[in-house]
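Q: The primary structure of each chain is shown beneath.
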Amino acid sequence: MAEYSALSLLKNALTGNCDWKPAWRKPDPKPAYDVIIVGGGGHGLATACYLAAEHGITNVAVLEKGWLGSGNIGRNTTIVRSNYLLPESIRFYDFSVKLWENLSHELNYNVMFSQRGVLNLAHNPAQADAYIRRGNAMRHGGGDADWLTREQIARKVPGLDLSGTARFPVVGGLLQKRAGTARHDAVAWGYARGADRRGVDIIENCEVTGFLRDGDRIIGVSTSRGDIRAKKVGVAVAGSTSRVLNLAGIGQFPIESHVLQAFVSEALKPFVDCVVTFGGGHLYMSQSDKGGLVFGGSLDYYNSYAQRGNLPTVEDVMSEICAMFPSVARLRLLRSWGGVMDMSMDGAPIITKGPLPGMYLNCGWCYGGFKATPASGYSFAWTIAKDEPHAINAPYTLSRFERGAAIDETGHGPTPKLH
Amino acid sequence: MSPRRTTSGGSIDRRRTIRFTFDGEAYTGHAGDTLASALLANGVRLVGRSFKYHRPRGVFSAGIDEPSALVTVLKDGVREPNIPATRIELHDGLRVESQNRFPSLAFDFGAINQLGGRLLGAGFYYKTFMGPVIGPLKGTRFWMFCERFIRRAAGLGRADYAPDPSRYERMNAFCDVLVAGGGVAGLMAAEAAAKAGKRVILAEQEPETGGFAKWSNETIGGKPAAEWAKTASERLAALDNVRLLTRTMVWGYYDGNTLAALERVGDHLARPPKGHARHRHWTIRAGAVVLATGALERPLVFPGNDRPGVMLAGAVRRYAGEYGVLCGDKTVFFANNDSAYQAASTLTKAGGHVAAIVDVRPTISEAATALAAEAGVVPLTGQAVVETKGGKHITGIVVQSFDAATGALSGDARPIECDCLAVSGGWQPVIHLASQAGAKAEWDETLQAFLPPAPNQRWSGAGSFLGQMTTAGALESGRNAGLSASGKKPSRARLPEVEPSPLEIAPAPIFEIKAPISATRGKAFVDLQHDVTADDVRLAHREGFVSVEHLKRYTTLGMATDQGKTSNVPGLAIMAEARGISIPEAGTTRFRPPYSPVAIGALAAERYGNLKPNRLTPMHDWHVEHGARMMEAGLWHRPMIYGAPGETVEQAYIREAAAVRRSVGIVDVSTLGKIAVKGPDAAEFLDRVYTNMFSTLAIGKARYGLMLREDGIAFDDGTTWRLGEDDFLMTTTTANAGPVMQHLEYFLDIVWPDLKVHLTSVTDQWAGAAVAGPEARKVLEKCVIGTAVDNDTLPFMGIVHGRIDGAPVMICRLSFSGELAYEVYSGAGHGLHVWEALMEAGESFGITPYGMEALGTLRIEKGHVTGAEIDGRTTARDLYLDWMLSKKKPFIGSGLMDRPGLIDQNRIRLVGVVSLDGQPLGGGAHIVEQGSLDALGQSIGHITAFCYSPALAKYIGLALVKGGKAQHGRRAFVSDPLRKRFGPVELVSHHFFDPEGRRMHG
Amino acid sequence: MLISCPHCGPRDLAEFSYQGDATRTRPEPASTDTKAWHDYVYTRPNPAGPHHEYWQHAGGCRAHLLIVRDTLSHEIHSVALARSANASGARA
Amino acid sequence: MVERATPLGADFRPGSYGDFADGVGVTLSEPSTGTIVEATAWPGHEKALTAALGRGTGLSLALAPGAGAYRDAKAAAFNIGPGRFLVSGKDEGLVDDLARAVSLETGTITDLSHGRTALRIEGMATEWVLAKLFALDFSLDAFPVSAGRATAHHDFFVQIQRTGDHRFDLYVFRSFARAFAMALRHAAQDVGYAIK
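Chains as they are written, first to last, in this note's numbering: chain A, 1 to 419; chain B, 1 to 1002; chain C, 1 to 92; chain D, 1 to 196.
Read the hints as simulated data drawn from the structure, not as lab findings.
Just so it is clear, the structure is predicted and the values come from calculations on it, not from any experiment.
Yeah, the Cβ is synthetic: ideal placement off N, Cα and C, and Gly gets one too.
One or more hints might be untrue.
[Said to hold, decoys possible] Covered stretches of chain C, as calculated for chain B (at least 3 residues, CB under 8 angstroms):
(1) 9 to 20
(2) 52 to 63
(3) 78 to 86
Given only the sequences and the hints, what does the whole structure look like? Please build it.
A: What follows is the structure in structure tokens.
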């Protein structure tokens, strides 16, 4: 019997649920490992899991400063999609969606990936063209994309303001059917358990306070629980990248940390089926399995490590949601929170060997880290194991800025707050 | 045996009867009632169903902390779900429905979930529904199939899709001192600050100030406490420097002492007056804040603790004291502290009957014993409730001896009959706002509660928020906080007198009675709304979800609409015990805004239904009157076409564009960004920001300019006019007017502060009309006076000043269309006047107004680029504008524009596209070298703009294609799978029409 | 958040536009040192703590401000008009 | 002379609106401003500029941020930024007078007579209505008569001068004027308003 299944649930229910094992062990750190992953978020845990599962590298430790999954894996709006414009992005995120589709099985953990679709609304002909360009790019890249007319949208998403008098009337929408939502915490826990069951040590409350060096080379880390040596050190601490790189003496880096707020309403009976994004502003909304409407908007637009948002952004987001769904005005905001985004200079991530010998870096996820979790872990594990990038992360170098090879989905250039 | 109304007492207005319905059934209550008190007064105990197990639930609290009695309010033709009955003021016509039940509240199919209790524990969903690995339900299908049913069962209330007709508004306020909470401490603080001459705002979430004083039956200053509070409140309301806001909850504490509050202006009215808001969202910038937000009572955790009739002791007290409602005929109190004895006393005084007091402590204070005696009972000390009896409401309890030190139960289980069980597990200060403000709460061993952290913004605390649980403490700390917020020292003046309070409010450290649970006893709930049990907490512990955040996420503890107001601390205590550590070691969750749910419409209020303002040109009304179909361009509205009856969009723009090439057309270009660039260094400045030279431009001439970003990517283009030696008028694209202005201001303020240049946005100062076509000059000749417009006076790129029909105009000979063309600028207030004069002058030439579609057609024919090509990723070279990159001087972007990746010939670059099958091309379509709709080829680029060209009589477009110029003459295909279009095209030069520019120079 | 504009006084965050890190030095305009330009345009210290940054009071007096603000607490330590701050060499 | 058209449109017509049964709380109007000019001094020449503006308008302008001066129905000026002033006058010739008065050594003058639209709000509920839109302290102590403020309500940039205890002149970009008037009217619904 699989550790987790309907049968095991029944068996345990009959015995008072006393036999469940911890989802992951709580080991003390060993003095040395083959690979250390700094950062027990989604990407770090996925990396460890794939190192063990795909490359047979099991002498691995994941070091987490606080509680596991406490970064953006635990504070995002749970959307999974690959509706990108540029070929590099499409290739990477489509690969990720494919991994998502089998993830619950692979991990024997229900991450509740639900392909409910993501619909981007277009409000004028120019915006429609831009979305169609993107949808066509997705189709040419091998992915799925459909264009919906206003009538089709009306059937799919009741409650949207589709009147001609709307300030931003809907002219159509780009639907990616394979996109959807997943249970974010379950992804962290599932990967943690998957890694743990394959022998990886997951060490919580273990803050990296410095890097051990042999000349230029990184040979381990100092932590709040002692020094730990490793042949390779992977860093996957999006949100804190600059802080951790600082410990390695890297003081300037193409990353800014910004706060992004997210919101959830009170739980409701099913209200909206797919993920909807509003083109008249920056807003996206979906509904969780528990019933809360989950939504978010733009960054707060200034550097922050505070996980604490500000009021004008709250008001902007609420205005947009009311413009999109006029009935939502009557519903109530239950909770808001902030996550710290690793905003890169072109909006695309960095997954690379380096920048120091013995170090491997995974960062710069901007808004897009959650959906990337499987592909990020997969390709980062590959890069660490083989010392060269996988085809999907080959463009995500650090040197691309100096070479003039930015991967700029929005076209906003080196203004991180706008990506 | 049921709850009922007393014959007298309380502060409700018994002369005013109010009618309301609950689940369609008609009831009455009195003015001053909440829905909860009125339902209880009517003997209604079953009010809702719980989230997961659909267990019957009743009113549990008397305030904002209510976890169980959630209802849907039907008003204004819309549904408002999940509103606590304890927060709804009774008013005539109130209609309310219970929720999360089917088909009815009393008989709910969902209750079947209770049978699967152990199966449905914490983490249940993560361990199953992964589905088969093969077959039609593989992948995500099986989960999605199950999810449909799970979603229907989950959720609480049902929302509808009818737009909310209510009005909401925002109010900005400034004050020296904001007092959050209008209980005794808050009233004292506000008065002290007001007397110190400060501008004060006092916000109280309830309809009346007073807090506990309203129902405590104590005296303050020799008067009944309720009366004292009323007088204090009236005194404050009479002061000019005090704004007293009731029904106003401060819900968010943001940076820089900015606080957010929600005033429920109209919820208690049957119908708000015309134009008045339902809710008002206050943003308050406070010099200092006094947090006097009080404390909330905690329940105890024991089997069956969720049955209707199990309530908080403080709530039972409030219903008796304030509403004249007895929550039962036979009430048992169950406590670990003395506050339950005050409640019992109040209940007795109101005419209620106390059946027993069960206390987990082995000994209790004399004062408590005395209060018990007044209530006619001897407290059952050292005992605990281990079971409740009953179905849809409580009918009795079972008690057993309890060892407070070990938690062990012993001896006989003794039943006690009752219909209400009033529980008190101690008090938790409402520290949410302080926690939001930034710091971590601190555990207090004595009070067994989290106390507010040391302030890290300008706030001070007062009253039970600080753990000052007595009225005397509230009076004193309130006054001191008010003084301190006013920058004054604590006062020694006499405070109003109160009775001594020898009671022991600090509780024994008991949170849970661990009695074996069973089907009949019921589960021991921690979070009543989300059905999280003590066993769920222990299961989370067993599976390693031990950090408080993991506990919360794994079990959903504290994540319901009440945000764990009654459950957070007990949950934490149970986890701490399981881990064998102290509560502060186990941690506390961080509180996030809002303190309690806030209507989303209230937060959006200030937009007035218009997310973005409409920006209109001076000729807007004319366009609309003349059949224009308007389209958005950023905030602007511009004519897309001027449709004649029966014309399609395509027919209209072809007609308009053809008219321009044939005779003359006119288009509104007022939306172009315009910036006055003035000063002795203006020319030097322009040399630095444009890639090409402007210092060499002659006065009275214009030049086309291109700007790059610092990273060397093309940013914006436009013409800049030299009106004088030190006076330029820069034009930008419509979309980039704001960003360009900001870009220029940044460089002037930060990079080149030594340059003497002033910038002013004059976009709105000028109306612009472009007159284009072979007959354009003749039109101007007919109406312009004060200047000639011939080729010598007004050559290409020349500027002249004159008048049209009395209005001063400035005319520049510019061409976007490739025709002989002029931009006629006039003061915006004269724009329509000049436009009409031009129309009249052009009448004999068949002047045709044209819109954006025709404008686009004309520019595509000429191969001019716009935002579709300058899309933030293209370089000047990609667009074949390298001739504009001056080699004589550096400019913004010159440092990085030559990076290898940016000069790669194989980048996607500008080409022209001609449709070879006579079909339209489609914006956003891709270009492929081979393939079909069924077997999509590899994309080598995309179409940025297309049109039917009347001049060339075919469909043409602009595209960005790999290799650019090298592809000229090549065959390829347009591939547009989203619109199911695939067809042959030829890639050609983007200069389709009159490449030498003879016509515009003509 | 309130920002005390040296010209306009304390104003709401919504009136201001964030203009980013204020510690970088722009290379000489004619410099062809791509690395120097790269560092200026693309890299930042991004500290967790006091941060020197520019804001524009876009919805007010339009002036750019040099602000020192803590990125952990959002507490603002100092605000100066960027023009005078840069001119007087007070720049970090 | 060609009359300058108002951007406010046909909806902005005299009458009483909103909840005015017990009288109107505010009155809205479009005051006639022949000239609106932005005048900016080079750093260090602020004093010379205010003096020159004084010569052109007869106003005596202090040099403090936000300071302003007001002569009923004649001219008004207030500071809107470092060295920057918004000047308005009834007379259309004022723009030429000011251009003559302010030399290039002192600063620059930019004509915005067509580019900005003034809206006047007055009445006992004025501060209440304006507080809905602007995060400004409208108390008399914080915002004295004749002082000015440059501020914003979302996409609306607005420059405000207090011209009476309960009277303010609001200068907005002309293209936004109609939308702004709508927002103002909406905000005044609950107090009742008249358009003059």
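Q: Next, verify each hint and record whether it holds.
A: Structure-based check of each hint:
Note: the segment 9 to 20 of chain C has 5 residues with beta-carbon separation from chain B under 8 angstroms; the three-residue rule is met and the coverage holds. Counting residues of the segment 52 to 63 of chain C whose C-beta lies closer than 8 angstroms to any C-beta of chain B gives 5; at least three are required, and the coverage claim holds. Using a Cβ-Cβ cut-off of 8 angstroms, 3 residues of the segment 78 to 86 of chain C lie near chain B, which meets the minimum of three, so the contact claim holds.
Checked against the numbered hints above, the structure breaks none of them.
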